[in-house]
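Visitor: With the hints as extra help, turn the sequences into a complete structure.
One letter stands for each residue in the lines below.
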Amino acid sequence: MNRKKFILIYLLVSFFAGLSLFFSLKKYSQHNFSTEKFFTLTDTVARVKDKTDNLCKYQILSEPKVGDQYIKINFWCQNQSKARSTLSLAAVPHTTAGEILKEYARIINFDFNLITQNKWYCLINDQELTETNLKQEVRPASTIDCFENKNLYRHDQKEL
Amino acid sequence: MIKKSFKFLIFISIIVLAFFLRKKNYAQIPIPGQSVDEYSYSWVGLSLIKTGMPIGVSGIPGYQNQFSKYINVDRLYQTLSSDPLSINYPWMDHPPLLGLITGGYAAISGANVFEDTTSLLIRRPIIIISTISVALLMIFCWLNFRFLTAVISGSIYATTPLIVLSSRMIQAENAIIPCLLLVMIFSSLYFRQKKDIWLIFAAIISGIATLFKLTGVVCHLYIFFSLIFYYQKFNSKLFKDFLFFLGISLPITSLFFFYGISYGSKNFFNILFSNANRFYGIGPNAIIDLIRNQRLTQHKFLPEIWLIIGWITFFLSFSKTKKTLPQSLIFISLISYLIVYLFFGSQPYGWYTFPFWPLLILSLTAFFDENLTNQKNLLLTFIIAITIFGANLARIMGIFEFQKYSTLWRFLIPATIFFLIVKYLIKKPTSRILNFIILALIFGSVYFNLYYLNQITLDFWWQNIS
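Top to bottom, those sequences are chains A and B.
If you're matching positions, the first sequence starts at 1 in my numbering and goes up one per residue.
If you're matching positions, the second sequence starts at 1 in my numbering and goes up one per residue.
Among the hints, erroneous ones may be present.
Covered stretches of chain B, going by a simulated chain A footprint (3 or more residues, C-beta under 8 Å) [claimed, not checked]:
#	stretch
1	46–60
2	66–75
3	110–116
4	238–252
5	259–269
Quick list of in silico lysine-lysine cross-link-like pairs, DSSO-like style, CA-CA up to 27 Å [claimed, not checked]:
#	chain 1	residue 1	chain 2	residue 2
6	A	K49	B	K23
7	B	K237	A	K4
8	B	K428	B	K320
9	B	K266	A	K26
10	A	K51	B	K50
11	B	K194	A	K4
12	B	K50	A	K37
13	A	K4	B	K240
14	B	K69	A	K49
15	A	K82	B	K69
16	B	K69	A	K72
17	A	K49	B	K24
18	A	K27	B	K266
19	B	K194	A	K5
20	B	K69	A	K37
21	B	K233	A	K4
22	A	K27	B	K50
23	A	K65	B	K69
24	A	K135	B	K69
25	B	K300	A	K65
26	A	K37	B	K266
27	A	K5	B	K237
28	B	K240	A	K5
29	B	K69	A	K51
Facing chain A, a subset of chain B residues (Cβ under 10 Å, in silico) [to be verified]:
#	residue
30	W43
31	Q78
32	T79
33	L80
34	S81
35	S82
36	D83
37	I87
38	D196
39	I200
By construction, these hints were calculated from the structure, which means they are not laboratory data.
Each residue gets a CB set at the ideal place from its N, CA and C atoms; glycine is no exception.
Guide: Dropping the structure here:
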């Protein structure tokens, strides 16, 4: 085998392959990528993921190391079960109470409207969550508690 | 003809066994999310196919587009205490080939978004790749030693629990392993037949290895050292061969650079240099840690006697001045990866050590092959075989259950060793029976591998390994 001839042809072919990869990737990404598509990829819930209507079934187990840039979300159910989660505020797109709860519903995969439909009683830092403060920015290290009904208390504490 | 068919049947049986062992509970163990790299690789491939933009998880500074995100694939946040993921684009931590395989498979199977890439889906291609590694390991032994050696190495590599579990993980090292084994096969054929075609194949595969991860450069280093071994000196033939090899492999590696700069050279070089400045955590403790701790991830350990003994046989081969070609190729491959490991080494993640494992199994089986074929060092061979057998027995039995066999163990082993020493002193040839005993110990240990693997369920994992 004539090695020199082989390498010469091979290098030429490789160079054109590299160039065509460069231009085709550039063109393909310019035509197909957008910030919306990025958020679709990262934020859309899987088709096969189980959707729950029991808001105490799942919790987020992590305690993110973010100083005070977190929010605690606790759901307390009638059957004495609970789901206690801590979310990093840096990972939540909008930091109003309503948007945080929507993001939480997306992560856990339950219908956000269940909170209002089933008349959950929610507090933020022990203040009742109303239509008004749902749209207000929450301060770091806040706690949202949602009870399946108004007469419930935090099971792991003596009383509300 | 019948003999050939029978051998082929055994070869296929070991591959089938390897496949089913890797497949069993593959989506549950190792626990999905214990290494988020598995998802990251697949997301890079999926996003590249769907949008033309590689999007993945990175902890490296230097990215312009960085987002903290909760992506609850496989209900990751309900099974493990995981922080939100740092998502970056265009992701340039590593070349995208592995991502294109696992993410591409996910895309073909209907995945559209990141949460669709469950471990049930994305781990399938890596199981195939890891099974191919078993076949290649056996082919190397079959070509360079004999069929029995291929069966021993294949049986060990197919069944060793840590190797089986690691083979399910989407890590670039699992793709570099078959590349390195292929390059070893092609190089041994080149040195025997001196046909350029084998060097061309080795170069192509070496180039492809670097498209999985830059540590794939181990193949280049291996070829360089093996050429030095083959020519015994730095002469023009060596340089001609190596330049020819580089002339073919480097253009393939350069595809990563064409790929990277198509997303902006600033971002690409930022990440490349940032990668080079990564925390270098292994330091002088590296070798001890490497031999003593068999890791699956950073903090998950599963001690494997096969690998520890593999290291011992590797160190024994240092003192051996006259090595055969296959023995030298195994030795060179281990040295090459050791250099790459120490050079690239950052935090001691388990997967950095994965490529050592097939090479250690090769080193171990080469040791058995030489001593059993030539009827030498049988005392040492017996001690090594009984050590492996004992450690595997202890793992499945436990100390209290073992007590009923302790007397037998206490007397039988010293008696055998005594018998071997006497035979050695009176210079009488040892009977072939000892070969059968050693082989029985090896295959008995392989059986214990299977027994232990059968015990590994989710509960067992949480209680004993996690």
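Visitor: Each of the hints needs a verdict: does it hold here or not?
Guide: A quick look at each hint next to the structure:
no.	hint	verdict
1	46–60	holds (count 7)
2	66–75	holds (count 8)
3	110–116	holds (count 5)
4	238–252	holds (count 6)
5	259–269	holds (count 4)
6	A:K49 with B:K23	holds, 22 Å
7	B:K237 with A:K4	holds, 14 Å
8	B:K428 with B:K320	holds, 25 Å
9	B:K266 with A:K26	holds, 15 Å
10	A:K51 with B:K50	holds, 26 Å
11	B:K194 with A:K4	holds, 17 Å
12	B:K50 with A:K37	holds, 9 Å
13	A:K4 with B:K240	holds, 10 Å
14	B:K69 with A:K49	holds, 18 Å
15	A:K82 with B:K69	holds, 24 Å
16	B:K69 with A:K72	holds, 17 Å
17	A:K49 with B:K24	holds, 22 Å
18	A:K27 with B:K266	holds, 18 Å
19	B:K194 with A:K5	holds, 19 Å
20	B:K69 with A:K37	holds, 15 Å
21	B:K233 with A:K4	holds, 23 Å
22	A:K27 with B:K50	holds, 13 Å
23	A:K65 with B:K69	holds, 14 Å
24	A:K135 with B:K69	holds, 22 Å
25	B:K300 with A:K65	holds, 22 Å
26	A:K37 with B:K266	holds, 23 Å
27	A:K5 with B:K237	holds, 18 Å
28	B:K240 with A:K5	holds, 14 Å
29	B:K69 with A:K51	holds, 20 Å
30	W43	holds, 8 Å
31	Q78	holds, 5 Å
32	T79	holds, 8 Å
33	L80	holds, 7 Å
34	S81	holds, 4 Å
35	S82	holds, 5 Å
36	D83	holds, 5 Å
37	I87	holds, 6 Å
38	D196	holds, 5 Å
39	I200	holds, 8 Å
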